[in-house]
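Got chain A sorted already, so can you dock chain B onto it with the hints?
Taken in sequence, the protein lines are chains A and B. Taking the working numbering, I'd label the letters of the first sequence as residues 193 to 304. Taking the working numbering, I'd label the letters of the second sequence as residues 8 to 309.
To be clear, the hints were calculated from the coordinates, so they are not data collected in a lab. Bear in mind that the values here come from a model prediction, so they are computed numbers and not experimental data. Yeah, the Cβ is synthetic: ideal placement off N, Cα and C, and Gly gets one too. Hints are supplied without guarantee of correctness; some may be wrong.
[As the list claims (entries may be wrong)] Part of the chain B face toward chain A, derived, beta carbon under 8 Å:
| # | residue |
| --- | --- |
| 1 | 25 |
| 2 | 32 |
| 3 | 33 |
| 4 | 40 |
| 5 | 52 |
| 6 | 59 |
| 7 | 64 |
| 8 | 69 |
| 9 | 166 |
| 10 | 229 |
[Stated by the list, open to error] Quick list of the computed label-pair ranges, beta carbon to beta carbon:
| # | chain 1 | residue 1 | chain 2 | residue 2 | range |
| --- | --- | --- | --- | --- | --- |
| 11 | A | 277 | B | 209 | 33 to 41 Å |
| 12 | A | 228 | B | 114 | 53 to 61 Å |
| 13 | B | 94 | A | 288 | 39 to 47 Å |
| 14 | A | 199 | B | 9 | 32 to 40 Å |
| 15 | B | 208 | A | 225 | 53 to 61 Å |
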Amino acid sequence: VPQRAGDPRWTDPGLLVMGSLAAGDKHGYAILQDVHEATGVRLGPGTLYGVLSRLEDRGLIEALDVPDLRRRPYRLTAKGIGVLEEQLEGMSRFASLSRRRLVRSARAVRLA
Amino acid sequence: VRPSRSQRLVLWTFPSRFRARYEEELLALLPECTGGWKVTADLALAATRERLRPSFSGSPAERRRLRLQATTATVFFLWSLSTLAAVIFARAVDDRPVPGLHAWGWVAYAIGSGVFQLTAGLVLLAGLGYWLRVVIPALRSRKRSTLIPAFLPVLVGAVWLAVTGLVAFLGNHIVPGNYRHISAQAPTTAAGMAVLAIYVVFTTGCVAACAASAVRALERSELPRQLLAGSTLLAAFVSFALIVVAVATCVCLTRVLIIGGLDARNTAMAVGAVTTFLLASSAAGTSALRGVRALRPAVEGD
Numbered sequence: 193v194p195q196r197a198g199d200p201r202w203t204d205p206g207l208l209v210m211g212s213l214a215a216g217d218k219h220g221y222a223i224l225q226d227v228h229e230a231t232g233v234r235l236g237p238g239t240l241y242g243v244l245s246r247l248e249d250r251g252l253i254e255a256l257d258v259p260d261l262r263r264r265p266y267r268l269t270a271k272g273i274g275v276l277e278e279q280l281e282g283m284s285r286f287a288s289l290s291r292r293r294l295v296r297s298a299r300a301v302r303l304a
Numbered sequence: 008v009r010p011s012r013s014q015r016l017v018l019w020t021f022p023s024r025f026r027a028r029y030e031e032e033l034l035a036l037l038p039e040c041t042g043g044w045k046v047t048a049d050l051a052l053a054a055t056r057e058r059l060r061p062s063f064s065g066s067p068a069e070r071r072r073l074r075l076q077a078t079t080a081t082v083f084f085l086w087s088l089s090t091l092a093a094v095i096f097a098r099a100v101d102d103r104p105v106p107g108l109h110a111w112g113w114v115a116y117a118i119g120s121g122v123f124q125l126t127a128g129l130v131l132l133a134g135l136g137y138w139l140r141v142v143i144p145a146l147r148s149r150k151r152s153t154l155i156p157a158f159l160p161v162l163v164g165a166v167w168l169a170v171t172g173l174v175a176f177l178g179n180h181i182v183p184g185n186y187r188h189i190s191a192q193a194p195t196t197a198a199g200m201a202v203l204a205i206y207v208v209f210t211t212g213c214v215a216a217c218a219a220s221a222v223r224a225l226e227r228s229e230l231p232r233q234l235l236a237g238s239t240l241l242a243a244f245v246s247f248a249l250i251v252v253a254v255a256t257c258v259c260l261t262r263v264l265i266i267g268g269l270d271a272r273n274t275a276m277a278v279g280a281v282t283t284f285l286l287a288s289s290a291a292g293t294s295a296l297r298g299v300r301a302l303r304p305a306v307e308g309d
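Looking at chain A on its own, in the form it has when it is part of the complex (with noise of 0.2 Å):
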């Protein structure tokens, strides 16, 4: 079903974003290729900065030490990897009980 415009997403981008650090170190246009490829969303560059510099102050995920800071990788940190697994068995729990629900409320709606 293509989504428009005002329909509920799950695409929160600093989930996003650790989402796509979790697959290992990666630098801003990496995550936006990462992200785009595994979930369609396209973030802006100004958006993902913004993200990453909520999500560093937060002590989520660091910055690495590199040569070249124009293109700076960023890993999640030990914090950070909590967060995102809290926060993705709470979507995953939450994902069962509503795809349980539609079957249920399906099945209802097919018998009347």
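Relative to chain A, chain B alone:
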């Protein structure tokens, strides 16, 4: 490949702290992003978010200092833009007073006008003190990165005055005797309207440039927390005053719309001004609340 000029201009509007940390990476990333104006719009939105809800790094004490600095900068910038709205509202409602605007409509106008003039006096007076506090150490240390944005408003102000004088002169030259009434008369020809539109855009740009430069100088001067506490309290007062002005102009506009005393152009100007007040006062109020929260006594370890 370099980012476009508009993208570099938008990058300039991010807070200094954000630019120092991420500008290199963004400059490298932007040429690789396809999307044209959408990328620029995304950057502009991110810059606005960083201004309205900045994230801070460093020790708890430094975070609190940055919070106070952000509140001072945000409220000052919004107040500066509100001065334009104040002039436009006065031009629409009062330069040729709306017939029948009396009783509570007029009282609301007078309250809004008085409160705004009071804030203008306070901001200019305190602003001069803070400007000197920024400029004197920068002059001693010859810190150009602070001096240039600190003195830019002086240059912009001089250019604006020169252009305003030229517009007034031309107005009088084209329509003899117009000079005395230039604030009360709107041009009637297409060329006159075009000149007025360009002048309004130019003035808005000048005000925004002056406010942004002052903010940049403040950010680069890294004032101590004690000084920023004073400016935060003033910012809280100015935010409260802006809310009062927004409510007063809303009441006045309601009265004006009820009696139908304005033509379409002046109505549009008044509605635009009131909308600006409402947006600016709500953003300034939110920022001031966060700043005042950061003024509370430090917790252990701060």
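Tested hints:
Using the Cβ-Cβ criterion of 8 Å, the hint placing residue 25 of chain B at the interface with chain A is satisfied: the shortest such distance is roughly 6 Å. Here the hint on residue 32 of chain B is kept, as its CB sits about 6 Å from the closest CB of chain A, short of 8 Å. Here the hint on residue 33 of chain B is kept, as its CB sits about 6 Å from the closest CB of chain A, short of 8 Å. Against a cut-off of 8 Å between C-beta atoms, the interface hint on residue 40 of chain B holds, since the closest Cβ of chain A lies about 5 Å away.
For residue 52 of chain B, the suggested interface contact is upheld, since its CB lies about 6 Å from the closest CB of chain A, less than 8 Å. Hint status for residue 59 of chain B relative to chain A: violated, with the closest Cβ pair at about 11 Å, above 8 Å. Because the beta carbon of residue 64 of chain B sits about 5 Å from the nearest beta carbon in chain A, less than 8 Å, this interface hint is met. With a cut of 8 Å, the hint placing residue 69 of chain B at the interface with chain A is violated, because the nearest CB-to-CB distance is about 12 Å.
Hint status for residue 166 of chain B: violated, given a least beta-carbon distance of 30 Å to chain A, over 8 Å. With a least beta-carbon distance of about 18 Å to chain A, the hint placing residue 229 of chain B at the interface is violated under the 8 Å criterion. At roughly 55 Å, the beta carbons of residue 277 of chain A and residue 209 of chain B sit outside the given window of 33 to 41 Å. For residue 228 of chain A and residue 114 of chain B, the Cβ-Cβ distance of about 57 Å falls inside the hinted range of 53 to 61 Å, so the restraint holds.
The given range of 39 to 47 Å is broken by residue 94 of chain B and residue 288 of chain A, whose C-beta atoms sit roughly 59 Å from each other. A hinted range of 32 to 40 Å holds for the C-beta pair residue 199 of chain A and residue 9 of chain B, which are about 37 Å apart. For residue 208 of chain B and residue 225 of chain A, the hinted distance range of 53 to 61 Å is not satisfied, since their beta carbons lie about 39 Å from each other.
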